[in-house]
Each structure stands twice: as C-alpha cells, then as structure tokens.
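Asker: Next come the chains, spelled out residue by residue.
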Amino acid sequence: DAGVTQSPTHLIKTRGQQVTLRCSPKSGHDTVSWYQQALGQGPQFIFQYYEEEERQRGNFPDRFSGHQFPNYSSELNVNALLLGDSALYLCASSFQGRGETQYFGPGTRLLVL
Amino acid sequence: DAKTTQPTSMDCAEGRAANLPCNHSTISGNEYVYWYRQIHSQGPQYIIHGLKNNETNEMASLIITEDRKSSTLILPHATLRDTAVYYCIVSPSKTTDSWGKLQFGAGTQVVVTP
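Top to bottom, those sequences are chains P and L. Note that the first sequence covers residues 1 to 113 in this note's numbering. Note that the second sequence covers residues 114 to 227 in this note's numbering.
Bound conformation, chain P alone (with noise of 0.2 Å):
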C-alpha cells in the first residue's frame, strides 16, 4: 500500500519565479493538505482541498494556489517566490478530512535564491 508520495524531493528557484509541486495521496483517501515548514519550526497549515475544492486555508498570501484532480492528488502553485518562500512543503492526505488522520508524504525541499 503505497503512502503519500510528493515530486520533486528537491527543488531550487529564483526570486520572482513560480514553483509547482505534486502530491499522491494515500490509497483510498480524497482529502489533501499542504503544509510549509521553515527551518526550526513546526510545519504551518497552507489550505486543504476536498472534492477539487479548497476547503480550509491558513494564514497564507494569494500567491500560494492549489489544485485537486478527479483522482484525488493534488498540485502546490506558489508564483512570485521570495526568499522567505524556502522550507519544507508538506502533503498529507486524509480520508474526508473530517478530523480524521492525516498522514504526511516526505516532503519537497523548496530553495529560493
């Protein structure tokens, strides 16, 4: 049973510049969320999509967007990068999403210059 998977692990981009990245959820889930993490700190909640809609959304500008297709997984789109954009994202994928488990990929380890 495959868990959570995200592409790329790795990443790096310039200031100004767009970043897309990917998340499978776990077999059998439909819920997806995303998750920032700076460095020395918990991860922070992005927004999380059900049914191919955002459904919750945390603290976060405009410039962070998402998508959810048909077969549940799901795309981060962050556009005008900052240095401050460089962490940790995280997927994770739950069933419903309502309070149930979520169970995080390994993360992509985003670096803007």
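Keep in mind that the hints were calculated from the coordinates and are not lab data. Computed from a prediction, not measured in an experiment: that's the story for all the values here. Every residue gets a Cβ at the ideal spot worked out from N, C-alpha and C, and that includes glycine. Accuracy of the hints is not assured; some may be wrong.
[To be verified] Quick list of the computed label-pair ranges, beta carbon to beta carbon: (1) L/Ser122 x P/Arg22: 32 to 38 Å; (2) P/Gly3 x L/Thr209: 25 to 31 Å; (3) P/Arg22 x L/Ser211: 24 to 30 Å; (4) L/Thr192 x P/Gln41: 22 to 28 Å; (5) L/His190 x P/Leu113: 41 to 47 Å; (6) P/Gly3 x L/Glu127: 23 to 29 Å; (7) P/Arg15 x L/Thr121: 30 to 36 Å; (8) P/Phe95 x L/Ser122: 31 to 37 Å.
[To be verified] If you want a taste of the chain P side facing chain L, the calculated C-beta under 8 Å gives, among others: (9) Leu39; (10) Pro43; (11) Phe45; (12) Gln56; (13) Gly58; (14) Phe69; (15) Thr101.
Position chain L against the provided structure of chain P, taking the given hints into account.
Answerer: Just chain L now, kept in the frame of chain P:
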C-alpha cells in the same frame, strides 16, 4: 482552538521508557489528542491519537488524564531511531471552522542516547 504545551527537549536512555508530557488545558469535549513525530528532514509520522480513554498501538501508548487537560505519550523501550521531534496536537473539533487544520507547535526534541 485548544493549544498545547510541551517541554522543549528531553533525553532518554536507550532501552528505557520515554514519557513525553503534554498540557492541553483548554481542550473541548469533542477534540482529539494526536501525537506525531518528525525525524530530521522527513515528513511527520503519525503515532497515536485518543479522545478520553488510554490507547495503545505497536508504536506507543497514550495516557489521557480524566479531566483531559493533559496527556503522556509513552515509548515503552526507546531506541536510537526514536530520536525525533515529537508533536502533541489537539485536533480541531468538527464543529469549528478550523477542523482539518493541524496546528503544530515547536514540539519536544527527544534524544535517545546509548
């Protein structure tokens, strides 16, 4: 949303039990206590969760006080591979706008030594 308080760090000897405390004095009646851990540079790993009763699985035991204001995660026989940051999280109630959002604090850095 209920917040949690954990010690910043703790050490544990290999083979001994590790007892990780967590305070969540403002927890509401239908909020769960979740524990995750994160080994350096990896994604958080789910450990266990509970509502009122004590819980045990192959990884750990969770002891929740009767008033639900605090809990303890017990790793029965710590190994070097248990060195990680351990996060205690109160899962938002389904009746709030925040359900689905996990709020991570700084966690407890646990170091298991030989």
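Asker: When you take the CB atoms of P/Arg15 and L/Thr121, is the distance between them in 30 to 36 Å?
Answerer: holds (34 Å)
Asker: Quick one, is the P/Gly58 hint okay against chain L at 8 Å, beta carbons?
Answerer: holds (6 Å)
Asker: Min Cβ distance, P/Pro43 to chain L: is it shorter than 8 Å?
Answerer: holds (5 Å)
Asker: That 24 to 30 Å hint for P/Arg22 and L/Ser211 (C-beta), does it hold up?
Answerer: With Cβ atoms ~26 Å apart, the hint holds.
Asker: With respect to the beta-carbon atoms only, verify the hint that L/Ser122 and P/Arg22 lie 32 to 38 Å apart.
Answerer: holds (35 Å)
Asker: Does the Cβ pair P/Phe95, L/Ser122 satisfy 31 to 37 Å?
Answerer: Between P/Phe95 and L/Ser122, where Cβ atoms are some 34 Å apart, the hint holds.
Asker: Mind checking the CB of P/Phe69 against every CB in chain L and telling me if the closest is under 8 Å?
Answerer: violated (19 Å)
Asker: Measuring from beta carbon to beta carbon, are P/Gly3 and L/Thr209 in 25 to 31 Å?
Answerer: holds (28 Å)
Asker: Is the hinted range of 22 to 28 Å satisfied by the C-beta distance from L/Thr192 to P/Gln41?
Answerer: Distance hint for L/Thr192, P/Gln41 holds at roughly 26 Å.
Asker: At a threshold of 8 Å, is the proposed contact between P/Gln56 and chain L supported by beta-carbon distances?
Answerer: With a minimum Cβ separation of about 5 Å from chain L (threshold 8 Å), the hint on P/Gln56 holds.
Asker: Could one say that the CB atoms of P/Gly3 and L/Glu127 fall in the range 23 to 29 Å?
Answerer: Taking Cβ atoms as reference, P/Gly3 and L/Glu127 lie about 27 Å apart, which means the hint holds.
Asker: Given the hint of 41 to 47 Å, is the C-beta distance from L/His190 to P/Leu113 inside that range or not?
Answerer: holds (44 Å)
Checked against the numbered hints above, the structure violates hints 9, 14; every other hint is satisfied.
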